[in-house]
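For the protein sequence lines, the chains are A and B, in the order given. Counting along the first sequence from 1, when you hit position 90 you're at 90 in our numbering, and nothing is skipped either side. Counting along the second sequence from 1, when you hit position 53 you're at 53 in our numbering, and nothing is skipped either side.
Rather than coming from a laboratory, the hints here were simulated on the basis of the structure. Glycine included, each C-beta is placed from N, C-alpha and C at the ideal position. Hints should not be assumed to be uniformly reliable.
As the list claims (entries may be wrong) - Calculated cross-link-like contacts (lysine-lysine; reagent style DSS-like; alpha-carbon spacing at most 30 Å): (1) K69(A) x K41(B); (2) K55(B) x K14(B); (3) K99(A) x K66(B); (4) K3(A) x K69(A); (5) K64(B) x K20(B); (6) K55(B) x K99(A); (7) K66(B) x K20(B); (8) K14(B) x K3(A); (9) K20(B) x K69(A); (10) K52(A) x K20(B); (11) K20(B) x K3(A).
Said to hold, decoys possible - In silico negatives: residues of chain A with every beta carbon more than 12 Å from chain B: (12) Q38; (13) G43; (14) P44; (15) S70; (16) P76.
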Amino acid sequence: DAKTTQPTSMDCAEGRAANLPCNHSTISGNEYVYWYRQIHSQGPQYIIHGLKNNETNEMASLIITEDRKSSTLILPHATLRDTAVYYCIGRPTNFGNEKLTFGTGTRLTIIP
Amino acid sequence: GAVVSQHPSWVICKSGTSVKIECRSLDFQATTMFWYRQFPKQSLMLMATSNEGSKATYEQGVEKDKFLINHASLTLSTLTVTSAHPEDSSFYICSARDRQLGGNTIYFGEGSWLTVV
């Protein structure tokens, strides 16, 4: 799995867009970029994933650079409930690999 | 989306006793589940891979005789912490992938807090 690097912590004002960066310069062509978040004392929650193209779902948008060496998770209108630790993970595309390696993630705090 | 459930959510046990944690895939079958451990203010660390109908695969440094894993059906994996000690107190989390949906997303359980006193 590709090693990912994320800022340790970030703050964002409530109602604003939260932009969480992730560097994955060693990612290979067959690795997805996955984002999970973990709210305090809960299991990780899946947010979004992508391979090459930008992706959007009801929770967030994922912007992947053309060289795939970095990506940004965007929470368009952050709420207090978005306060959590956000993990960016590289994961091979072959369906046999379901093992995820978690880094330290970014602790996002939404400020009222 | 697919749901993975753990039970109990929290448990307190005495040193030297054993405690079992269950991980269930509620609306899908999972031939493989994963067990993680998380200490306070740290990231998740993979402990082992639970394989339905066969032996679990343990990560380096994880004692297989202390953390017994059983995956007897396609919807249930159990983790038993044997002869628990206070240093085993942690947040234990399982995960599984819903192959039936044809997707590639892994879902996590709510986690189980273990406190050994």
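Open item on the list: Run through the hints listed earlier and report the numbers of any the structure violates, in increasing order.
Closed with: 8, 9, 10, 11, 12, 13 and 14
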